[in-house]
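Student: Chains as they are written, first to last, in the numbering used here: chain A, 125 to 373; chain P, 1184 to 1519.
Everything labelled a hint here was simulated from the structure, so no lab data went into it.
Just so you know, not all the hints are guaranteed correct.
To be verified - Restricting the straight-line Cα-Cα distance to at most 27 Å, the calculated cross-link-like pairs of lysine-lysine (DSSO-like) are:
1. A/K259 <-> P/K1501
2. P/K1512 <-> A/K259
3. A/K208 <-> P/K1263
Unchecked claim - Covered, in the sense of this in silico footprint (three residues per stretch, anywhere, with C-beta under 8 Å from a C-beta of chain A), are these stretches of chain P:
4. 1350–1358
5. 1361–1372
6. 1384–1398
7. 1504–1515
Ideal Cβ placement from N, Cα and C applies to all residues, glycine included.
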Amino acid sequence: MLQAEEVSKRFGGLVALSAVSLDLRPGEVHGLIGPNGSGKTTLLNMISGFYPVDQGTVSLDGVALNTESVAQRAQRGIARTFQKPRLLGPLSVLDNAMLGGWRDVGSSFLATALSMPRAWREERELRERATQMLKGVGMAHALDRPANLLEHAEQRFLEIARGLVGRPRFLLLDEPAGGLTPTEIDHLATVIRVLREAGIGILLVEHHTDFVFRISDRVTALDLGRLVRHGTPDEVRNDAEVIRVYLGA
Amino acid sequence: MTERSRVTRIAMLLIGAVLLVVLPFLVRDQYQLHLAQLIGVYWILIAGLNLVVGYSGQLSVGHVGLLAVGAYAFAIIAGKYDIPPLLALAACGMIGGLCGFLLGLPSLRLPGFYFAMATLAFAVIVTEQSVAQTELTGGGVGLPVPGFNAPFDTPAGLYWLILAVAALITWLSWNVARLMWGRALIGVRDSEVAARSVGISIYRAKLIVFIFSGVTAGLAGGLFSSLQSYITPDTFVFELGLFFFTCIIIGGRGSIIGPFIGTIILTAIPEVVAPLARLGNFFYGFLLLVVVLLTPEGFGRLIQQVLARFSGKVNESKVVAPDPDLLRKALQGARN
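All chains, full assembly: derive it from the sequences and hints.
Tutor: Set out below in structure tokens:
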């Protein structure tokens, strides 16, 4: 289980998060909603390690991760995507997806330079895995295309595929539906359901609340850096304070 | 890649390799052979530097310092201590790698511009020390450098030695570039955030590649000094460091053939076309300006684009349509 316990974050005088707790189990979709500036992405960045935790603990199966780097957490099987997709523009879609498998690369620089059989075996395995994963998320049409020629939706699905090639236990999605058409959001929902079924724990940071309520097993609502409500989609949707926060009443 | 284009590619590589091997019999005079030797030596350094600059995006302008270290190391070890030259050359590689490690350790944590300044400072320090340490380096007077033993004691023999080392280094860097490490390095260059999020430890990757570039610079330095037969601090001017850097930028980042062509063009043209030689640094500066303004990705990318235009792909699909069954299978396959 991936857990954030009573975590707080300050940026100068601004309290971005105050004592927020959230846990993510394998095989569930946990939606994290809130208005702009409520601290959703801040929390995701603290779980994935991009922001240090001021107070509180981030842990995986009871092991504290606070002092671990982003890379170390990724090596433990915590993958993520970004609000604005971060891809390697000149590389092909397939190369970008393969990069996600870095976690499974055991060949050292020297072994690679010497073209050792192990380096080639890993190369072949990751190429195969990345190809299958890209076909699965619907990117089969663009395997050889440079990432900087992709449409917005393609970039989003490629980022998800890159995360999956690393065989993650947990996948943190930062506004994955942003900029997608309704049809593309349906496709995204299809993909997320398959991932859940496969036992991956998914944190879904999103402000398309309809989409979150439709697909999540549990939802956490934040406002101004504090936890407003946590529960099933129905509980959260009908919560008076959540309604107040969203309608501004 | 289609089967046919692969065959064409292998055939071209073979022809190129044969031409390089028989080059000493094709040249018209010793001067042309010397030029080929020089290109080979520069390329040994640039092939390693290319992984640092072209792949990892770390703007080192100070590799002339590492070249100088290798050159002096060879002159001292082989000249003063009479160690067999081939052994001395291997030592140059190790010393270059050690210096790369010591230089990279503090400086690779710095952001782009400051890293470039640190490498520049290193080059300046090496030059200053080569003047100051008179006992070791002969100071401003310099040092004579011994040649290699037979069969590498003729110009053609030295050329083949350089060719062998260059081929080895090219092969090593090509393997790095085309396997997972190449993707990781481009990740470091194009998006540190993405690279970290897939588990790459940026600093460690940069340091390892920098050490490798130190080894190649050390080897190049050893061969370079033997080729020059006499070295002084003036041999290792800062412009030479800028020259290596320019070869890579003009050739194009993220390819191996691009910087190779860049090295040939920049080394040979001023020598072959006499009027350009008088222009000296102006010529390099002008060429750099033209490339950066007209084709920022370098010659390598330009060639690729032209080829892509001829292959003519149109009406590409842009529709993302996930296939749940395939995805399920892919996830299952990945777990095993």
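Student: Looking back at the hints listed earlier, which ones does the structure fail to meet?
Tutor: Going through the list in order, the structure violates hint 3 alone and respects the others.
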